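J.: Chain by chain, the residues:
There are 2 protein chains.
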Amino acid sequence: MLWFEGALHEGTRHGFDLADRGLTLGDGIFDTALCLGGSIAFHEAHLTRLAASAEHLGFAIDAEAVGEAMGRIAAAIGDGTIRTTVTRGSGPRGLLPPEPARPNWWIGAAPRQAGSGFAPVSLYPSDIRRNETSPGSAIKTLGYLDAVLAAREARVRGFGEALFLNTRGNLACAGTGNLFAIREGRLVTPPLSDGVLPGIVRARILTLAGALGLAGEERSLTLDEARAAEAVFMTNSLRCLSPVTAIGTTSYPMAHEAVAALSKALRGLVAEECGVAPELP
Amino acid sequence: MLWFEGALHEGTRHGFDLADRGLTLGDGIFDTALCLGGSIAFHEAHLTRLAASAEHLGFAIDAEAVGEAMGRIAAAIGDGTIRTTVTRGSGPRGLLPPEPARPNWWIGAAPRQAGSGFAPVSLYPSDIRRNETSPGSAIKTLGYLDAVLAAREARVRGFGEALFLNTRGNLACAGTGNLFAIREGRLVTPPLSDGVLPGIVRARILTLAGALGLAGEERSLTLDEARAAEAVFMTNSLRCLSPVTAIGTTSYPMAHEAVAALSKALRGLVAEECGVAPELP
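Protein chains in written order, with my numbering: chain V, 2 to 282; chain Y, 2 to 282.
Hints were generated in silico from the structure; no laboratory data involved. Note that the structure is a prediction, hence the values are computed from the model and not measured. Hints may be right or wrong, so weigh each one.
No copy is singled out in the list; a pair is fine if it fits within one copy or between any two copies.
[Claimed, not checked] Under the rule of at most 20 Å between Cα atoms (straight-line distance), these lysine to any residue pairs were calculated in the SDA-like manner: (1) Lys-141 / Glu-100; (2) Lys-141 / Pro-93; (3) Lys-265 / Arg-153; (4) Lys-265 / Glu-154; (5) Lys-265 / Pro-254.
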């Protein structure tokens, strides 16, 4: 299902300007959200981040119209995933952005992969580094090719997702989510300056940790520190919180008290938002 | 003008699958070629690189069909630029590529910017580094957002193009082309391993240099070495060869004998290919 140019459509094919800069240059952003019982979990936060990302690229979105369309498509599908894409719109040939931009946006809905929420995941460290010098490293841009290639390699090697270090050798993120490590009773996650997306769930976890008496900290982590952690987990809007079972040859115990407490609290938060608790794997 | 799904169309809007991975994830490549007198300069080389880039991403293109369509659209426009885009095609949600891929491709034609061929250019060193650890750094992928943002900053600061160093601090390339420096009678250009596209004109220049008795060398260059060079120039398929007038606050003399000789030889090569010599600025 697709929301495009002011209306709901079945299928995904539609009249589209092939000179749209999202398609020609990756000049755009997207957002993926979880939809349960016809409601979007953390709807406002997704919309706020999308607007901030567009502003970072130098154009504005009509947040009211986008937010309303997100709600309409969520109500239409009930349970699933909502992907909102915003591009700088069409422009003449060349790199320089047209001024003013006339952004183009649409929303796609798809069923959620069964059993993906809260499911454990193993991570394979990619040789591709995340480029923390790129403004795109802190924005969910349309340029996901590194993550595609790393995901394929991780799968070939028998792992669930890729893990990225940044160009300084610090831990950055997984292919589709933020990473957290628990060490000596502290919860640590890489700072945004290490080339990390400001994840919606990431922010919730930092808040929940405080409420659970677990000291949360944003600081750079080496891969060795992550390997030596008591527990590692990954967060994103669809998986919610996925315990990491292994990073390469390093395995982690299946259950960790603090991870279980954070999972339970996050599940409660999603249930509050949507009126329905996400299923467990 | 657009070649899409087996036919020529006016305009750029067409039925398109918004689940195409080129649009959703930047999972695709493109090629830009110069068209003069109805012929594409270095047609075979463009096609060969496009096929190699697709293979690098793990899918195959129908090179015969793409090459024929490039020729058809070139004949239709006479003079201009030809952009061929190839994506991995549509797929289900998620990063993992569908197997087998069903690639999608199309070709757009546009007028050439008057006076852009062989025109001098000034370069502004960007703070964004080119990520030579990314397979995409050696392929013309759809993810051009870094180059877009750097181009905008260069323009705001009064320069023509951005210059990128890689994450190791070596010279990589300009926003839309390869870089060459002339030092002590030698022609030096960064190796592909420094995060550089295998430019079609870049390869021609290395060959022409040999024929002109100028020793050509692919090796890493620091920004300081480039600043200290006698001359610097940039190459791409549309500009052909652009003398660099300045890198930031470092200026270069307007004319350099070897650069003039290479320009003349390259112009001759294009004229041989197309039967028409490219205009001079």
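J.: Look at each hint and say if it fits the structure.
T.: Right, here's what the structure says about each hint:
{"no.": "1", "hint": "Lys-141 / Glu-100", "result": "neither (22 Å within a copy, 25 Å between copies)"}
{"no.": "2", "hint": "Lys-141 / Pro-93", "result": "between (24 Å within a copy, 19 Å between copies)"}
{"no.": "3", "hint": "Lys-265 / Arg-153", "result": "neither (31 Å within a copy, 46 Å between copies)"}
{"no.": "4", "hint": "Lys-265 / Glu-154", "result": "neither (32 Å within a copy, 46 Å between copies)"}
{"no.": "5", "hint": "Lys-265 / Pro-254", "result": "within (18 Å within a copy, 67 Å between copies)"}
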